[in-house]
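Given two chains presented individually in distinct reference frames, assemble the corresponding complex, making use of the accompanying hints.
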Amino acid sequence: MHGRVKTRTTEEQRELQRIEKQKKVKLYLEGMNKAFEKRNKKELDDEALAICENLLVHNPDILTLWNFRKEILLEFKNSACTNPEIDLEKLVSKELYLTEVCLKVNPKSYCAWHQRCWTLDNIAPKPDWDRELLVCTKYLELDERNFHTWDYRKFVVGRAGVSAKSELEYTTSKINKNFSNYSSWHYRSQYLPLVHPDATGERPIDRDIHIKELTLVESAAFTDPNDQSGWFYQRWLLDLQQQLPLVLTQACISENFTWVAFNKPVCPNDTALSITGLGDGKWKTCNGETASHVWIKDTQDQSLISYEQSKLSLFVNGELKSDLELKLVTESNDQQKMIGFRKPSFINNLNSALVDFYSSLLESVISLLELEPDCKWPLLSFVTIARHLRFESSRAEIYEKLELLKKCDPTRKNYYDDLRSKFLIEDKLSELEDFTGVFDVSCMELTALYHTQYLSLFREVNLSKNKLGKIKRRCLGNLCNLQACEVLNISDNNLEVTKVPKLPNLVTLVDGKCLAGQKV
Amino acid sequence: MANLVKDVTISDSHPNTLLKDKHVNYLKSYSDNKEDYEYCMTEYLRMSGIYWGLTALDLLNESNEESTEAMMEFILKCVNDEGGISPSTGHDPHILYTLSAVQIAALLKQESKLPVQKIVKYIQSLQQPDGSFAGDKWGEIDTRFSFCAVACLSLLGQLDAIDLKKALDFVMSCLNFDGGFGSRPGSESHAGLIYCCVGFLSVTGNLHLIDADLLGWWLCERQLPSGGLNGRPEKLPDVCYSWWVLASLSILGRLKWIDQDSLTRFILACQDTETGGFSDRPGDIPDPFHTLFGVAGLSLLGTKDLKEVDPTFCMPANVIQRLGAVSQKLPSP
Ligand SMILES: [Zn+2]
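Respectively, the protein sequence lines represent chains A and B. Take our numbering: the last position of the first sequence gets the number 547, and nothing is skipped along the way. Take our numbering: the last position of the second sequence gets the number 334, and nothing is skipped along the way.
Bound-form chain B, shown alone (with noise of 0.2 angstroms):
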């Protein structure tokens, strides 16, 4: 019953400073040994895997060698008969995958050679009746499947393609008493899936929904001594949850609720100063995903040197100001 706060303890052996080059390195060495165990595990969410590292490299300022040609090859590939992309040839298609495609497209200014029209017509055979979303055929329902389709949809300019009313009334059916949202309507607040509904509604324009002093607050109580956010009361910091609590408040127009210093501190100390990359807490073994999160962090932080992300999409800003999608961010109060 003792109240101990979950946390972890920054010092000065801890990375204070970017190591940019060294998350080049670590990104663009990531894909090269196709037989790595990390690699081959992964398989299975290979689609988003690609956008983590493309996206995080772009917002260092570096452009991946993997040719435009080979990537859109490999995504033509994944596509399936109904439309939906699979993370690799083989797999199953996952609207979670055929978002990180669109946005991998976007990155490199290729989705025209989407097949939009079929994509748009799988995200349409997902909708349900209540308004929700299924992540694929077999119907598992979460509010991250009614981000994924209407941010994809924005992205091949297609928003009205669904019945976004009702896709709103559901995102809003899992509003809870914090103020925060869940994956399905009762499911406890999560900084994830408050990430996707705020997303949502960012891209569709509704974030006047929202009680943005009581999410806000929710959400800057997620900061720790240690500066890093964790993803719901009681747990520990991460650098993910770090980047879905911060990206939330961007969008409500309330960053400055969080110590920003610290949490900039966080970030840099779960930098691997060996390898390069981003792990979710100091000391951990870093990844792409976390790398991507890290980098996009500091990007709204303010960090020097690195590219402006859009928190909505978490993608460059000017690919999404290029594109002309909608992410609504409320004015600070």
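Pulled out of the complex, with its shape left as it was, chain A reads as follows (with noise of 0.2 angstroms):
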């Protein structure tokens, strides 16, 4: 069903294919009477075996033949014991060409592909893995992108005991002969980890590999600057650093209503979570979903409120992994609650060495940028690095690169806006030091609307004059992370009042249209 061209036919072409058609028509659905015959009938034999391959070299989608297949074979297998006239080894090899004959008709077909894992598996008194993984080396030299043929490679590779090394050094070999291609870089993006773990534990690689893997891409994707496989590659390198872990980064105990917000999502039934110093009370998502950022619950305990409980501590399974001062506020009408906020931290620091290469990474960005100014790969390489380095030198180059990749990659332009979008926010977030009076986006031509986790204290969030409606009917399901908000003025992006999820503190929605306060 995939790549018939439909081609411009006569009247006398087409009744000769119709009658060559019907033909097979009459062959199909007598071998296939015959199968199931013989099927039902339990005659699991070398005739059966006949009729399943007339049928399935031509159409080896058939996965109903295949398993009558197996059943033969494995009834063959049961038999051999006793009867010594058997071969087993010459039945393995003629359902293994079987499979190589189908492929041919169908490099893709599922199950041609399992019957000969299946049959070497099952059948094949002892099977020959260096044989396949040589059948795995041509069939890849014929077509290096066939993802079947990729994953038969690992099949054989688990059966066979080859090691992670020399699966490395082969994947070394396919990109020398060719970088540009996806398959070869993603094999290898799996065993290089296997291969070159951290010995300090402390990154997902190690650091002297990870930097000769860079060097590694940079030239291949030097080598032809359009080519994408290389720089996806690169990307993913680039950001390969240790994940931020789990931390609680607001909290606020109010005489209803207590809330915590992490960096990330996640899940209140996740038993391996506890957070202690909140008393009881089951937590539930700020979003009615699985997991959110921001956990709720509505329990009353007034003893938390005081001077003595100034501190939430975040275990997983058991160890410590964060802590959160808390402070007690006073209100304007004298209420009371504990607060409590720390900076947000958006990546991992680079550690001494890796920013000495990515200045020099971005050196060479730089001088390939002289030559093709518009190509959109180095221009994207120049955003991740930068932003890794985060010199201010380069701030404010960042989003004119942002602005260049829009005109040369209009497709995706609404991509780098967002993305754009992102990095606004992650830099007037990094710019704060008080986390709950006003936050303030108006003005900036935000498309997006990211890391609202950080916004669940602020009195205040003002996203005027933006451009965030450029969705059609869009959710706005990202504020109901702005827990203690009770001023939000959406106004100046055509966005709908009501997509705005219910908020517990809202006392005035500005939507631009009227300033009539919304109480809620």
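Possibly wrong hints are sitting among the right ones.
[Claimed, not checked] Lysine-lysine pairs mimicking BS3-like chemistry, simulated, CA-CA at most 27 angstroms apart:
no.	chain 1	residue 1	chain 2	residue 2
1	A	K433	A	K497
2	A	K192	A	K165
3	A	K434	B	K7
4	A	K433	B	K7
5	A	K69	B	K138
6	B	K138	A	K97
7	B	K305	A	K494
8	B	K236	A	K434
9	A	K324	B	K166
10	A	K324	B	K330
11	B	K166	B	K138
12	A	K121	A	K131
13	A	K370	A	K354
14	A	K201	A	K403
15	A	K440	B	K138
16	B	K236	A	K201
17	A	K53	B	K166
18	B	K138	A	K153
19	A	K497	B	K330
20	B	K78	A	K97
21	A	K403	A	K434
22	A	K291	B	K167
23	A	K526	A	K434
24	B	K119	A	K97
25	A	K370	A	K449
Hint data in this document are derived by calculation from the structure and do not stem from the laboratory.
Here it is as structure tokens:
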């Protein structure tokens, strides 16, 4: 059903084709009837194998016929102990040959590939895995992107006990032959952390290898700056940092309402997580989903609001992961609450060796961009590297490059716009010292709203005069994190008020059309 | 080594409006001639074929002429002793066709006529100790089958019949460096399998486990200058991959990261102006499979006169609502 070009034919040709197809249909129906008849009578013999084979070579996707063959092969295998005339090796090699014939007809036939694995695992007395590895190598020379072949290789490698190191070397040789091969890079990403884990456990792979790998992909990507495979791999390597640990970022305990915010969405039902210092009561997500950045509970426990209770602790599997200091604040209406927050961190710091290397890499990308100023991939690479380095000097340039990217890759302009919005919000949040007053990101041409989990304590949030309504009927589910928000301004965005989720403290919703307060 | 973008060209000679009546006619007459070559040669996937045709017709606001009773009779004839459903009588049961049959029954509001407990037992029997699912008793493992299992159970309101935690762990073990998923741990990312894994997470309410920005970027990079989407880097665009990428982006709340106008143009160009139906690429022979994904894609893109499609189940949204099945979506950032 793929790649069959519709051709203009004459009446005469059509008639010939019709007759040809009729013949095929007849053969197919007769063949299937015979196969089903043999199967019903439980005649598990050579004739049955031949009937299936005749049908499968034309249509390798008839799974039931492969299954029938499996039943026959199992029968032969069972009888082989008592019947010396049965040559299992020969049966196996015939079966493997048939799958090869079928894979020529359809190299992506799931059932033919599975038949091969199944036969080797279940029928073959002594599978020849070395030969199978050669079959993979041969097939990958014919089509180096067939993911079935790569999967089969992985299966054979597992059975044959081939070392991860040797497979990593195989990908090196494939990449040296043709770096424009996404499959090889993918396969490489699997083996790299296995062969070169970081001795200290602080990083996903060994630091020197990381640098070496970035150098390898740099030379590949620079050879043809328009080739995407290498750049995808490079972006992965550039972002390859230890994941940020789960931390408590904000919390609030008030008279009738309590919430905590995390840097990642987590599930209140996850028994591995526990927070001390917050009394009893069951946590819920703030958005009704399985997991959320902000957990809420509405148990009332006055005793928690005191000068003594000043710290929350997050435990993961009983191990202390994160503390959050709380302080007592008195509101204008004399109500007291405990709140806490920490400065957000969006990315792990690079260690000094990597800073040096990333800096030199940035220089190379800049020189490449001097030659090809409108080339998408080096532009994106610049943005990624510069974002990691966080040099104050290149901050403005990142936004310039994103504008350029929108021009030279207009198909994905909305992606670049959202990336810009994300960076702007990160920059804004990084500058802040206080997370409880007013959060103002108006007039910034924002198209997306990232990191709302850091806005849970703000009393006032101003999103006005942005481009958030570029999406039709935009859902504003992200706003559910704004637990403390009393005044929310979404005006001049072309947003629908009805999409704003219920917020517990919201008093005034400014939507541009009217300034009337919406009492919730 | 030269980097040639594999793509197609779309010209003014290709159709640019929805040929609704032609598609209705194409789908309704597809099974008219039971001796037809195409029809016979696709017997091994008949149950899915019926699901493609029925769903496409429903999205086109048309009902099928074949009677509901006849359809249900066929399905019940395909249920085997263990509760699995085969593509056609005489063929072996498989989780792929079990899902298709449940989808058909749901479309026809006949799910209560199914032997639900038997089907649930069959699906349970396919779960492996590592949480993965086999397609049938012969043990092929694939994340497609993980999706089939939870989609099927969810439509039947029996999602807790399996070990969901382990099933989830297996799917997450197929996560790759690029944020995508493959068919087994270590397998390359592929739009079809990404759809299955994202769909799995959507059905089970676990979308928070995805790095939606990373995966969303990979998915929007599938769009080629023609507007069509491919399933992997350096591959040709295709209507079915367009659906898988589009549906995944929609579930992740990042549909706007692709150029929707040019994709609409690509899908419309894949219509067959003579026979009706959609093909994989402009100028190829149409089939019911690509016809469903063409229509469903256009529905997600907001084409007028089409019913709303649910991106997770690839079924009319009203059917999913009626059944109360979960299909989680992430809010747009
Ligand atoms: Zn296709």
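### Message
Just to be careful, I want the Cα atoms of K324 (chain A) and K330 (chain B) compared with a cutoff of 27 angstroms; is the pair within it?
### Response
holds, 24 angstroms
### Message
Run the distance test for K78 (chain B) versus K97 (chain A): straight-line Cα separation, threshold 27 angstroms.
### Response
holds, 24 angstroms
### Query
Taking 27 angstroms as the top limit, are the C-alpha atoms of K192 (chain A) and K165 (chain A) close enough?
holds, 20 angstroms
### Query
Are the Cα atoms of K497 (chain A) and K330 (chain B) separated by 27 angstroms or less?
holds, 19 angstroms
### Message
Checking one constraint from the list: CA of K526 (chain A) to CA of K434 (chain A), max 27 angstroms. Satisfied?
### Response
Roughly 32 angstroms between the alpha carbons, so the hint for K526 (chain A) and K434 (chain A) is violated.
### Query
Taking 27 angstroms as the top limit, are the C-alpha atoms of K69 (chain A) and K138 (chain B) close enough?
With a Cα-Cα distance of about 19 angstroms, the restraint between K69 (chain A) and K138 (chain B) holds, given a limit of 27 angstroms.
### Task
Decide if the proposed pair is consistent with the structure: K138 (chain B) and K97 (chain A), CA atoms, cutoff 27 angstroms inclusive.
The hint holds at about 12 angstroms.
### 27 angstroms Cα cutoff - pair K440 (chain A), K138 (chain B)
violated, 47 angstroms
### Query
Are K370 (chain A) and K354 (chain A) close enough, with their CA atoms no more than 27 angstroms apart?
holds, 15 angstroms
### Task
Take a quick look at whether K119 (chain B) and K97 (chain A) sit within 27 angstroms of each other, Cα to Cα.
holds, 25 angstroms
### Query
When you check the alpha-carbon spacing of K138 (chain B) and K153 (chain A), does it fall within 27 angstroms?
Satisfied, since the Cα-Cα distance of roughly 24 angstroms is no more than 27 angstroms.
### Query
Does K166 (chain B) pair with K138 (chain B) here, judged by a C-alpha cut-off of 27 angstroms?
Cα-Cα ~22 angstroms, so holds.
In summary, the numbered hints that this structure violates are 15, 17 and 23.
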